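> Each chain, written out:
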Amino acid sequence: MVLAMNPEAPDEEILRQSFRDPSQFKFLVARYQDPFIRKAMGIVRRQEDAEDIVQETFVKIYKYGKNFQKRAGIEFKSWAYKILMNTAFTRYQDVKKRSDSTEYLDPVLYDEEKPLSYDDNLGAVSDAKAAVKAVIEKMPEHLGRILGFYYLEDKSYKDICKLEKISMTTLKMRLFRAKRLFKNLSADSIQ
Amino acid sequence: MNKLLWKIYTIWFLRRILPLILIQVAVLIIVLKLLAGKIFLGKIIENASIASDSNIWEFAKYLLGAFLQTNIAVQIFIMLILSVGALILRDLGRAMFSYLKTFQK
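Heads up: the sequence lines are chains A and B, in that order.
Here the first sequence stands for residues 1 to 191, where the numbers follow the numbering used here.
Here the second sequence stands for residues 1 to 105, where the numbers follow the numbering used here.
Incorrect hints may appear among the rest.
[As the list claims (entries may be wrong)] No more than 25 Å apart at the CA atoms, straight line, and that leaves these computed lysine-lysine pairs for DSS-like:
| no. | chain 1 | residue 1 | chain 2 | residue 2 |
| --- | --- | --- | --- | --- |
| 1 | B | K61 | A | K60 |
| 2 | A | K39 | A | K60 |
| 3 | A | K183 | A | K82 |
| 4 | A | K77 | B | K43 |
| 5 | B | K7 | A | K82 |
| 6 | A | K63 | A | K77 |
| 7 | A | K66 | B | K33 |
| 8 | B | K43 | A | K63 |
| 9 | A | K66 | B | K101 |
[What the hints assert, rightly or not] Below, a sample of chain A positions facing chain B; criterion: calculated Cβ distance under 7 Å:
| no. | residue |
| --- | --- |
| 10 | A9 |
| 11 | S23 |
| 12 | F27 |
| 13 | Q55 |
[To be verified] So the derived list for chain B, only partly shown, Cβ under 10 Å to chain A, looks like this:
| no. | residue |
| --- | --- |
| 14 | M1 |
| 15 | K3 |
| 16 | L5 |
| 17 | K7 |
| 18 | Y9 |
| 19 | I11 |
| 20 | L20 |
| 21 | K61 |
| 22 | M96 |
| 23 | Y99 |
| 24 | F103 |
| 25 | Q104 |
No lab work stands behind these hints: they were computed from the structure.
All values reported here derive from a predicted model rather than from experimental measurement.
Just so you know, even glycine gets a beta-carbon here, dropped at the ideal spot from N, CA and C.
The task is simple: from the sequences and hints, build the whole structure.
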C-alpha cells in the first residue's frame, strides 16, 4: 500500500516512491519542469526542442532512477541536471546536423548563465557570427582554423582530420585548447 | 505533462505489472491444463445445475461438496487456480488504480 506523498518531501524520497506508484512522479515533474525548460532553452533555444529534451530527461530519470543512490556530495538535483545537460547536448548536435541553416551557437561559446534571448533575430545571430570570427582571427592560426571549420563551416571531425592531416586525438586536443582560448579571448574582448 | 506521465506510467506498467501478470497467466494455463486431464469441468457444471434446480445456493453447495470429495491433487490445483486468479485481479486492479491516480487532475 502506497501512502499519499507529501509534495514537500525530498526529491530522492519522491523518486523512490514513484517506482511503486507512478503517480508520485508528478511531484518531481511539477518541481523541475520549468527550471529544466529554461536550462534547455539556453542550449537549443527553441521551445519545442526544449520541451522534448525535458520530457526525454524525465523519462531517463525514471528509467535509470534505480541506479541513482544518494552518496555524500551527490544530490538528486545535480544528477538530474547532468542528465538534462547530456540530453540537451545530444539534441543540440542532432538539430545542428539536421539543419545546415541552424545558427545556434554552441553553448561552449557563450555564457550558459545568460544565454541569448529567445527572440533574437537573424541579424543578431549574424552579428554573433561576426564577433566569433573576429575572436578566431586573434587566435594562433592552427587553432583558429579548426575552430572555424568546426563551428563556422560545420565540418565534421573526420573532414577536419583529412584537411589538417592530423589524427582524431590531436584534433580533439586542439579543439579543446582552441575552445578554452576562445573563451579567454572573448572574455578579454568584452572587458 | 500528460504525454510525459503516460510514458512514465507505461514504463512502470511494463516493469512492475506486465511481468507479474505474464508469469501468473503462464502458471494459470499450466495448472488448467493439468486439471483438464483430471476432471471434466463441463460435466461437473451440468451435474451441479441439474442437482441445484436453478438455486444458486444449492449450486454452490454441490460444487463445494464435489470439491471436498475429490482427491487432494485436484483440490490443490483448484486452490492454485483461485489464488493465481486472485493475484491477476489484484494486479489489474493496481494498474487501474495507479492509472486513475496518475491522470487525475
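> Determine for every hint whether it applies to the structure shown.
Hint check results:
1. K61(B) with K60(A): violated (55 Å)
2. K39(A) with K60(A): Holds, because 17 Å separates the two Cα atoms, which is no more than 25 Å.
3. K183(A) with K82(A): holds (22 Å)
4. K77(A) with K43(B): At roughly 64 Å apart (the allowed maximum being 25 Å), K43(B) and K77(A) break the hint.
5. K7(B) with K82(A): Within the cut-off at roughly 21 Å; holds.
6. K63(A) with K77(A): Holds, at roughly 16 Å.
7. K66(A) with K33(B): violated (39 Å)
8. K43(B) with K63(A): Violated - the C-alpha atoms of K63(A) and K43(B) are around 50 Å apart, more than 25 Å.
9. K66(A) with K101(B): Holds, at roughly 22 Å.
10. A9: Violated: closest Cβ of chain B sits about 16 Å from A9(A), beyond 7 Å.
11. S23: holds (4 Å)
12. F27: violated (12 Å)
13. Q55: holds (5 Å)
14. M1: For M1(B), the interface hint holds, since the closest Cβ of chain A sits about 6 Å away, which is under 10 Å.
15. K3: holds (7 Å)
16. L5: holds (7 Å)
17. K7: Since the shortest Cβ distance to chain A is 5 Å, the answer is holds.
18. Y9: This hint holds: Y9(B) lies near chain A, its Cβ roughly 5 Å from the closest one there, short of 10 Å.
19. I11: With Cβ-Cβ at 6 Å, under 10 Å, it holds.
20. L20: violated (13 Å)
21. K61: violated (36 Å)
22. M96: With a closest approach of 12 Å, the M96(B) hint is violated.
23. Y99: holds (9 Å)
24. F103: holds (8 Å)
25. Q104: With Cβ-Cβ at 8 Å, under 10 Å, it holds.
The structure is inconsistent with the numbered hints 1, 4, 7, 8, 10, 12, 20, 21 and 22, although it conforms to all the rest.
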